[in-house]
Structures are given as C-alpha cells and as structure tokens.
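**Student:** Chain residues, written in single-letter form:
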Amino acid sequence: MSADPLLRLDAVTLSYPNGTRALAGVDLTVAAGEFLSLLGPSGCGKSTVLRLVAGLLSPTSGQVEWTRPAARGDIGFVFQEPTLMPWATIRANVRLPLDLAGVGRAEGDSRALAELEKVGLSDFADAYPRELSGGMKMRAALARALVTRPGLLLLDEPFAALDEITRLKLNDDLLALWRHGGFTVLFVTHSVFESVYLSSRIAVMGPRPGRIVGEMMVDLPPERDLATRTGTLYGAQCRAVSALLETAMAPASNTGRGAG
Amino acid sequence: MKELIQRSGLWLLPPLFGLILLGAWEGAIRYWEVPPYLMPAPSAVLAALWGDAALLLGSLWLTLVITLQAFLLAVVSGVALALLFSQSRLAAAALYPYAVILQVTPIVAIAPLVVIWVGYERVNLALLILAWIVAFFPILSNMTLGLRAVDPNLRDLFHLYGASRWQILWRLQLPSALPYLLAGMKISGGLALIGAVVAEFVAGSGTASGLAWRIIESGNRLNMPRLFAALTLLSLLGMTIFGLLSLIQRLLLARWHESELSKAGR
Ligand SMILES: Nc1ncnc2c1ncn2[C@@H]1O[C@H](COP(=O)(O)OP(=O)(O)O)[C@@H](O)[C@H]1O
Ligand SMILES: [Mg+2]
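The listed protein sequences correspond, in order, to chains A and L.
First residue of the first sequence? That's 1 in the working numbering, and the numbers climb one at a time after it.
First residue of the second sequence? That's 1 in the working numbering, and the numbers climb one at a time after it.
Everything labelled a hint here was simulated from the structure, so no lab data went into it.
Careful: at least some of the hints might be erroneous.
Here are the simulated SDA-like pairs of lysine to any residue, each with C-alpha atoms no more than 25 angstroms apart in a straight line [claimed, not checked]:
hint, chain 1, residue 1, chain 2, residue 2
1, L, Lys186, L, Leu247
2, A, Lys118, L, Leu154
3, L, Lys186, L, Pro97
4, A, Lys169, A, Phe193
5, L, Lys186, L, Thr105
6, L, Lys186, A, Ala88
Please put together the full structure from these sequences, using the hints given.
**Tutor:** Right under this line is the structure:
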C-alpha cells in the first residue's frame with residue numbers, strides 16, 4: 001500500500017456480551033483517500049468491523065488506531081436501511097448531524113440543501129421520508145452522512161435492498177461523490193461484482209469468527225462506467241476476488257491452504 | 001358510481017342504521033303501548049332531554065369537568081413517570097410494580113375507600129382521583145413502550161454524532177413515542193369517563209350530581225325518559241372524546257406515520 005494510513009485495526013477481536021465471537025484477530029489498514037471494500041459472507045462480522053471503526057463498539061482485545069484522532073462528525077455512516085427519522089422532513093434529516101453539533105439553523109439548512117443538491121434531491125427537501133422511493137431515501141441517507149464533510153465514510157451494504165437498476169445508478173453516484181469529495185470510503189458488501197466495480201482495494205473476510213483472509217488491489221482504471229462492467233479486465237478481477245472468497249469459505253483446511 | 005356509494009355509504013351507514021332502529025323502536029312502543037316506566041319511546045327521551053335540559057346539562061358539565069381533569073392529570077403524570085422510568089432503571093424497577101397494582105385492582109373495590117378518605121364533603125375530588133387512577137395506566141404503559149421503541153440504527157447514529165442524553169430524549173425518543181402516546185390517550189380518554197361514572201355510582205347517595213347520579217336517581221324514581229336522556233348524553237360525551245382524540249392523532253401523525261397512511265390518500 002502506497003498512501004499514508006488513515007487508521008489501522010491491529011489484532012482486533014470482538015465477542016458480544018452473549019458470548020458470540022464475531023471477530024478473531026482482524027488486521028486491516030485503511031489508507032487515506034482509498035475506496036476500500038470489505039467483502040464477505042453474511043454473518044462474518046463486516047458490520048461489526050464498521051461499528052468498531054465508528055466507535056460504536058470497543059474491541060474485546062487488540063486496537064483500532066487512528067493516525068490522527070477522529071473528531072465528532074469526522075465519520076459518516078450509511079446503514080443498510082435509510083434510517084431516516086420518519087417524523088422529520090428530508091431537509092431536517094440531513095441537517096441532523098449539524099443540529100446535534102450545535103450548528104445554527106440557517107447555516108445547517110443551507111449546508112443540508114447543498115448536500116441534497118449533490119445527490120439530486122433538491123426538490124424533495126421538504127418531503128417526508130415515506131413520500132420517497134427506496135433509492136431516494138438512500139440518497140438522503142448519503143447526503144446526511146456527508147453533510148459534516150467527514151474524512152471517512154462508512155457504508156454497510158447500503159444498496160443491498162434496492163432493485164438492480166437503482167443500485168447501479170447509486171454505485172455511479174457514490175463513485176462520483178467519492179472522486180470529488182476527497183474522503184476515504186470503507187464499504188461493506190457481500191457482492192463480488194459491486195466490490196470490484198467500486199473499489200480501489202478489496203479486503204475479503206472469512207466466515208465467523210471473522211478475520212481478513214485476503215486483500216487485493218483492484219486493477220482497473222479509476223474512471224468506471226458501463227464499459228468497465230463489460231470489459232475483460234473486470235471479469236478477470238471478479239474471478240480473482242471470487243477465488244479469494246472461495247478460499248475463505250473452504251472449511252477448516254483454509255488456514256493450511258492459505259499458508260501454502 | 002358504485003365506488004362513490006361505497007365510499008360515502010360507509011360514512012352514512014351508522015346514522016342511517018341508527019335512524020331505522022329509532023323508527024322501529026318508536027313504532028314498537030306505540031304499537032304495543034309499552035308503558036314509559038318500562039321503556040320510553042325515543043320521542044319521550046327527546047322530550048326529557050328538552051324538558052330537563054338545565055338539570056341534565058349541569059350534570060353533563062360536572063362529569064365533563066371531572067373527566068377532562070382526570071384525563072389531563074393522567075397524561076401529565078403518565079408521561080412524567082414514563083420519562084422517569086426511561087432515564088432511571090432503578091426508579092422503573094422500584095415503582096413499576098405499584099403502577100401495575102394500581103391498574104389491576106378493580107376501581108369499584110377501591111372507590112369506597114377513596115371516598116371515605118377524601119370525605120363526602122369533597123366528593124368531586126374523590127371522583128377525580130378515581131377517574132385518574134383508571135385513566136393513568138394506558139398512558140404510562142404506552143409511553144414507556146414508545147420511549148423504548150427507538151430504531152436501534154437511529155440510536156447508533158445519534159451516538160455517532162455525540163448526541164447528549166437530552167438530545168436523544170428530545171429529538172429521538174419523544175418523537176418515536178408520540179404514536180404510542182396518542183394511542184394510549186385514546187384509550188385513556190374513554191377510561192377517564194368510565195372512571196368518573198363508576199366512581200359516582202359508588203359514591204352514590206346524592207353527594208355528587210354528575211350524569212351517573214342522574215341515572216341512579218332517575219332509576220329510583222322510575223323516570224325512564226330522563227334515565228335514557230342522561231345515558232344518551234353520556235354516550236355522546238364518550239364519542240366526542242374519542243372523536244377529538246382521533247382527530248388530534250390524525251393531525252399529528254398524518255404526514256409521517258404508517259397508521260395514517262391509508263387515510264391520507266395518495
Ligand atoms: N448485538 C449482537 N449481539 C450478539 N451477537 C451479534 C450482535 N450483532 C451481531 N452479532 C453476531 O455477530 C456475528 C457477526 O455479525 P455482523 O457483524 O452483523 O455480520 P455481517 O455484517 O458480516 O453480516 C453474527 O453471527 C451475528 O449474529
Ligand atoms: Mg451486516
């Protein structure tokens with residue numbers, strides 16, 4: 001890895017209070033400015049990693065080290081569901097992080113509107129979440145996550161519940177935001193194709209208790225579009241990631257094979 | 001066209017049915033010449049409503065005041081206690097069982113005690129306390145449930161942005177609890193009226209003069225038209241309370257809550 005690291009997970013384990021061992025020694029470095037995907041089967045602990053990075057959980061052992069301390073609002077989080085407050089307008093939802101930080105109403109409103117403009121929702125600022133489609137709600141969630149201008153954006157299978165057409169569109173929009181936003185992305189997905197299309201790097205996790213079983217730079221030009229998806233290079237990258245995932249999923253013997 | 005009938009018809013159905021029923025009732029009474037002390041005709045009830053208007057409206061006013069006071073008291077105290085419970089597990093553990101005891105003990109069983117303690121000379125206060133006891137629990141239990149029914153992801157989001165306890169309560173828990181509170185208020189409003197009436201029945205002996213007492217008194221004197229008139233006012237009062245609370249619920253939730261989705265139209 002070339003760029004300077006933003007944060008590092010060092011032998012992080014995590015057991016939930018009920019005894020579930022979610023993570024068994026995760027080592028992962030996130031480089032500043034990269035688009036890193038965390039790929040793995042469901043239940044392997046991907047969400048747990050995100051919540052650790054966000055500071056919503058503390059590791060049972062090991063460390064989450066930041067190269068510079070993360071301030072409030074320095075992390076944006078997008079969940080699998082839009083997670084909007086149903087009683088508030090889209091504008092108020094996007095403004096929430098600023099409200100909580102004590103930013104004035106006028107400034108908060110104008111920043112929220114600017115962010116809504118970027119995700120193409122200007123016309124829906126005063127609508128309520130239930131008046132929006134699933135994809136639009138996700139855009140609103142994205143705008144909310146970016147309104148504090150975070151250095152790191154965490155996304156937890158954000159588009160998994162959307163139809164394919166909407167998902168592809170949102171993938172492109174997310175990429176555009178990332179390219180112009182100058183923030184780092186840690187993106188959780190269980191889709192090989194999505195991870196290859198979006199990422200500059202992919203980390204593959206094995207089944208629970210989760211750990212990183214392989215990492216791969218994505219060897220594709222930074223500009224991605226429809227041509228990317230149909231190119232041979234894309235196919236080859238997807239195969240390589242699938243192979244990594246398969247190794248990860250192989251029962252018990254996988255550690256031996258990985259070492260060999 | 002058929003759809004129009006179906007839609008407006010649903011509104012018209014209850015009053016239409018009521019009119020037919022009243023007509024049949026009036027006709028039957030006249031046909032079989034049923035004496036009014038057994039069963040008054042609707043016209044006799046209407047006459048009693050008109051003739052005893054001053055008396056009945058006075059009683060209606062008293063019952064109304066006690067019901068409203070008890071209801072407001074129930075809302076304020078129920079919400080306050082639920083907030084306390086949500087902020088302090090210790091308080092919840094210590095107090096909740098007593099709230100339940102208050103709820104499961106039949107009000108008729110405590111009523112005489114409360115009336116004696118408060119004293120017959122302050123019987124309206126006794127009625128208020130009893131109606132409050134009945135109306136209080138739905139508010140407490142619904143509000144407690146509502147304060148807990150927060151989307152866990154939203155809670156995480158608030159934590160992520162370093163929200164204070166106060167911000168979480170004010171901006172997240174209270175709005176989440178609102179639909180639960182309003183549902184509780186709808187139940188509680190009806191119960192406050194029931195409590196006020198039951199309490200007056202128990203207090204009895206002419207100390208209070210609400211609608212319940214008019215019913216007892218009219219029954220004793222076999223003045224059935226007046227009894228039915230009082231009963232009618234009681235039902236109307238109950239329906240008005242329910243209707244108003246439903247309206248408030250609709251106004252407050254119309255734009256965002258699933259329960260109001262179908263009514264808002266699309
Ligand atoms: N709050 C929790 N308490 C107990 N077990 C949990 C909790 N959250 C997740 N788990 C368990 O930890 C494992 C990893 O969960 P998660 O990180 O959500 O996986 P993923 O996001 O990869 O699907 C799963 O087996 C899940 O059941
Ligand atoms: Mg998950």
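**Student:** Is the straight-line distance between the alpha-carbon of A/Lys118 and that of L/Leu154 25 angstroms or less?
**Tutor:** Holds, at about 23 angstroms.
**Student:** Take the C-alpha atoms of L/Lys186 and A/Ala88, compute the straight-line distance between them, and say whether it is at most 25 angstroms.
**Tutor:** The given pair, whose Cα atoms are some 24 angstroms apart, holds under the 25 angstroms limit.
**Student:** Need the status of pair A/Lys169, A/Phe193: alpha-carbon distance at most 25 angstroms?
**Tutor:** Status holds; Cα separation ~14 angstroms.
**Student:** For the pair we were handed, L/Lys186 and L/Leu247, check the Cα-Cα distance against 25 angstroms.
**Tutor:** Given pair L/Lys186, L/Leu247 holds - Cα atoms ~10 angstroms apart, limit 25 angstroms.
**Student:** Can you confirm whether the C-alpha distance between L/Lys186 and L/Thr105 stays at or below 25 angstroms?
**Tutor:** holds, 21 angstroms
**Student:** L/Lys186 and L/Pro97 were given as a pair; does the straight-line alpha-carbon distance stay at or below 25 angstroms?
**Tutor:** Given pair L/Lys186, L/Pro97 holds - Cα atoms ~24 angstroms apart, limit 25 angstroms.
The structure meets every hint from the earlier list without exception.
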